[in-house]
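Undergrad: Here is how the chains run, residue by residue.
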Amino acid sequence: MAVATAPTRGMTKTEKRNQLMGLLFISPWLIGFLLFALFPLIASLYYSMTNYDFIRDPQFIGLANYVRLFTTDPDFWTVMYNTIYYVGFGVPLGIAVAFLIANLLNSEIKGRTLFRSVIYIPSIVPAVCTAMVWLFILNVQYGAINGILKTIGWQTIPFLSSPELAKPSLIMIYVWAQGTAVVIFLAALQDVPRSLYDAALVDGANAWARFWNVTVPMCTPVILFNFIMGIIAAFQDFTLPFVLTGGGPMKSTEFYVVNLYRNAFVQFSIGKASAMAWILFLIILLFSVILFRTSARWVYYGGEK
Amino acid sequence: MNNNGISRRQFLQWGAMTAGVVALAACAPSGAPASAPAAGSEGAAAPAAAPNTVQYWYAWGNLDPAMAKIIETEEFKAHMGGATLEYKGSANQDSLLTAIAAGTPPDGGSNYSYVNLFTRGATIDVKDMADASTVLKADDILEGIWNSAFYKGGMIGVPGIECFNWWGLNVNIDAAEKAGLDTTTLPKTWDEVLEWHKAMTKKDDAGNLLQFGLDPYDAMANEPDFLAASYGVKWFDEETGKFDLANPRIAEGLDTLGEFIRIAGPDQFAGMRQVEGNGTWGAAYNAGVQNMIMEGYWHPGETQIQKPEIAQFNRSSWAPVPADRKDANIMATGLHAVVIFKDAKNKEGAFKLGEFFQTPTALDIIFNEVGWIHGVKSWLTTVDKNKYPGLAFYVDAGPQVTEWTIGRRCPINDFVITQYTELREQVYRNLMEPQAAADELQKRAEAEWQAQGLG
Chain A
0 MAVATAPTRG MTKTEKRNQL MGLLFISPWL IGFLLFALFP LIASLYYSMT NYDFIRDPQF
60 IGLANYVRLF TTDPDFWTVM YNTIYYVGFG VPLGIAVAFL IANLLNSEIK GRTLFRSVIY
120 IPSIVPAVCT AMVWLFILNV QYGAINGILK TIGWQTIPFL SSPELAKPSL IMIYVWAQGT
180 AVVIFLAALQ DVPRSLYDAA LVDGANAWAR FWNVTVPMCT PVILFNFIMG IIAAFQDFTL
240 PFVLTGGGPM KSTEFYVVNL YRNAFVQFSI GKASAMAWIL FLIILLFSVI LFRTSARWVY
300 YGGEK
Chain B
0 MNNNGISRRQ FLQWGAMTAG VVALAACAPS GAPASAPAAG SEGAAAPAAA PNTVQYWYAW
60 GNLDPAMAKI IETEEFKAHM GGATLEYKGS ANQDSLLTAI AAGTPPDGGS NYSYVNLFTR
120 GATIDVKDMA DASTVLKADD ILEGIWNSAF YKGGMIGVPG IECFNWWGLN VNIDAAEKAG
180 LDTTTLPKTW DEVLEWHKAM TKKDDAGNLL QFGLDPYDAM ANEPDFLAAS YGVKWFDEET
240 GKFDLANPRI AEGLDTLGEF IRIAGPDQFA GMRQVEGNGT WGAAYNAGVQ NMIMEGYWHP
300 GETQIQKPEI AQFNRSSWAP VPADRKDANI MATGLHAVVI FKDAKNKEGA FKLGEFFQTP
360 TALDIIFNEV GWIHGVKSWL TTVDKNKYPG LAFYVDAGPQ VTEWTIGRRC PINDFVITQY
420 TELREQVYRN LMEPQAAADE LQKRAEAEWQ AQGLG
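So the protein sequences, as listed, match chains A and B. Residues in the first sequence are numbered from 0 upward in steps of one, following numbering that gives the first Met the number 0. Residues in the second sequence are numbered from 0 upward in steps of one, following numbering that gives the first Met the number 0.
Only chain A is shown next, with the shape it has when bound in the complex (with noise of 0.2 angstroms):
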């Protein structure tokens, strides 16, 4: 059989026009990701293998600060134990609340608005601020949860100066500005159909029951998102730590990234830095996949046949 092929023919004035026109219309962001996504990305990667301190040329030294970090970087381990950790409890806790939340802010109570845009306000604002307002709050020696327990003649509770304290506060105020997530589920279980729950409540169904089998599995799709979204952001967590703890007491609190910040820019080790970025972007990645391979089992599409 025959198959039928289009006419080649050259473009017309017009149509070149056009695709002049699409190009020129593109071009901001084709030249903005060029230069500052693709070319930074690629010029990470292979200072990733040199000796790079931004001053002197880079002198090419292979995987050496990838074997370096795995092998004999005094920090590496703990800033990586200190981040999954965050990360390991912070994420999945923040996806919980934030669910939690925003099942409640669905349901008909009073002022149900207003407890939305105050759940969301830790979202905007900026994280700096964040930062201190908790550091008013949870310090040792001036904090007002202190401040109460020093009236009352109680022993302190050194939650941001303390090693053991520091990270599970850090992930309290994560945990609290979950704000984003909290609009997001809202969204998605203002989509649930109304017809599944009275399904649900004709077969005898109780709240509980409606809200496991029902409620959860058609924000499966959600969930995925969020904690994805959580895990990136998570890793990269880099200005509540620096302005809190400074990454103390004793490394308690130096995240991956702020551990990168202090290799590039203190120790002149933009080389090491480097590797560290792409460590963390493998790392990420790894995660990702994970949950994207694993998402067909927990994870429902009301679409899907």
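It should be emphasised that the hints constitute simulated quantities derived from the structure, not laboratory data. Heads up, some of the hints might be wrong.
[Unchecked claim] Derived pair list, reagent style EDC-like, types lysine to aspartate or glutamate, alpha-carbon separation capped at 16 angstroms: (1) B:Lys386 - B:Glu368; (2) B:Lys341 - A:Asp56; (3) A:Lys149 - B:Asp204; (4) A:Lys149 - B:Asp203; (5) B:Lys151 - B:Glu238.
[Stated by the list, open to error] To be clear about the criterion: a stretch of chain B counts as covered by chain A if any three or more of its residues have a C-beta under 8 angstroms from a C-beta of chain A, and this derived list gives those stretches: (6) 89-98; (7) 119-125; (8) 153-163; (9) 185-197; (10) 203-214; (11) 258-267.
All figures in this text were calculated on a predicted structure; none of them were measured in a lab. Backbone N, C-alpha and C fix where the C-beta goes; we use that ideal spot for every residue, glycine too.
Could you slot chain B onto chain A? The hints should help.
TA: Coordinates of chain B only, in the frame set by chain A:
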């Protein structure tokens, strides 16, 4: 239908064109200087061959008032020959490194990692310029300061702005007297200072820290130079590139200094430092929370300018040493300089600025506005050493010093400080033996030295 309005396509085309024009205009170089032009430059076009501006960045946050006054003086305007000075304070090392990497550093800079930048070739050797200068006089600058401007024969920058005697124990004698201490003689050995620390450390009934004596790692004591010198160790030999951080005396020092924190409580201490107003260099002393601090010649003047009610009780004396070295009067000095960047557009202009910082006009303004001193011998004789409480010690100390240290000479000084901070905390939290911490510090420093290609 009448269709004489603009189409969507036309609107987009015009919009794109307008945006393009605006973007081009935004990319054009600014015509207005950031600071007032110097005399002679007003209305005059800059010569095309010689840049008529000098860009100067510094990391200090409190030099600005002095700079504002300096550029207004006729002497400065005449010295700079009509050049406009564009200065930027609080410009930290991050922004400087980024500018260096981009090939657009300022012409001159101060208060950065001088040796680090110089050994990596970011700043130029100014020896030839200094030799040719009629303003810069080597024999009029204190020997230690002049020597600190050199590294392996090269001259790092023009010594200037401030630099004098770095180490003294500064005590709030009002707090000491309230703690029942005899302030006739200030403590000299670590044992004595520890007793003062105990007396001045106050906690409430529940054990919460209210005030304390000395943070042995605050301000100048934060750097390994200090602990090493106090215990008579030279931790880095710049000629050989060898480290001596595993020296048992360093371990002894880590243990002794750690005791100060143990008494106050490590968690309490860390919490106190996290608070705005107590966290930055010297802030807890000004706040009256900390009553002893290791600082230098700038301390009396800065405290007077920033917190006169505390400064009135300030008294200064020798930095502490262990009991077996009680006769050692240790002191450090080092470099603050105007360094000139390799890619500077106006190297001569930056050098002239460095020269001007040697003049009595600039030195007087800086002394009065910021409280700093620079070791220019002819000018030091004019300084009123009683202007700021505690200053007399620093002015008079020189001849009595028995051991001098030239500070911050290691090209990986910042790395060592980062590691030192972590390991000493492990010691005072009793998580690591002092000698093990010293050994680990040595190991990390050597590994970094090699890894940075400096070995």
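Undergrad: Confirm or reject each hint.
TA: Results of checking the hints against the structure:
Straight-line distance between C-alpha atoms of Lys386 (chain B) and Glu368 (chain B) comes to about 12 angstroms, which keeps the hinted pair within the 16 angstroms bound. For a cut-off of 16 angstroms, the pair hint linking Lys341 (chain B) to Asp56 (chain A) stands: about 14 angstroms separates their Cα positions. About 9 angstroms separates the Cα atoms of Lys149 (chain A) and Asp204 (chain B), which keeps this hinted pair within 16 angstroms; it holds. A hinted pair counts as satisfied when its Cα atoms are at most 16 angstroms apart, and Lys149 (chain A) with Asp203 (chain B) qualifies at roughly 8 angstroms.
Proximity of Lys151 (chain B) to Glu238 (chain B) is assessed by CA-CA distance (about 8 angstroms); at most 16 angstroms being required, the pair is judged to hold. Counting residues of the stretch 89-98 of chain B whose C-beta sits closer than 8 angstroms to any C-beta of chain A gives 4, which meets the bar of three, so the coverage hint holds. Using a Cβ-Cβ cut-off of 8 angstroms, 3 residues of the stretch 119-125 of chain B lie near chain A, which meets the minimum of three, so the contact claim holds. Under the rule that three or more residues need a Cβ within less than 8 angstroms of chain A, the assignment of the stretch 153-163 of chain B is violated, with 0 such residues.
Coverage of the stretch 185-197 of chain B by chain A is violated. Counting CB-CB distances below 8 angstroms, 0 residues qualify, and the rule asks for three or more. Evaluation of the coverage hint for the stretch 203-214 of chain B: fulfilled, as 6 residues show C-beta separations to chain A shorter than 8 angstroms, against a requirement of three. Against chain A, the stretch 258-267 of chain B contributes 3 residues with a C-beta closer than 8 angstroms to a partner C-beta. That satisfies the three-residue criterion, and the hint holds.
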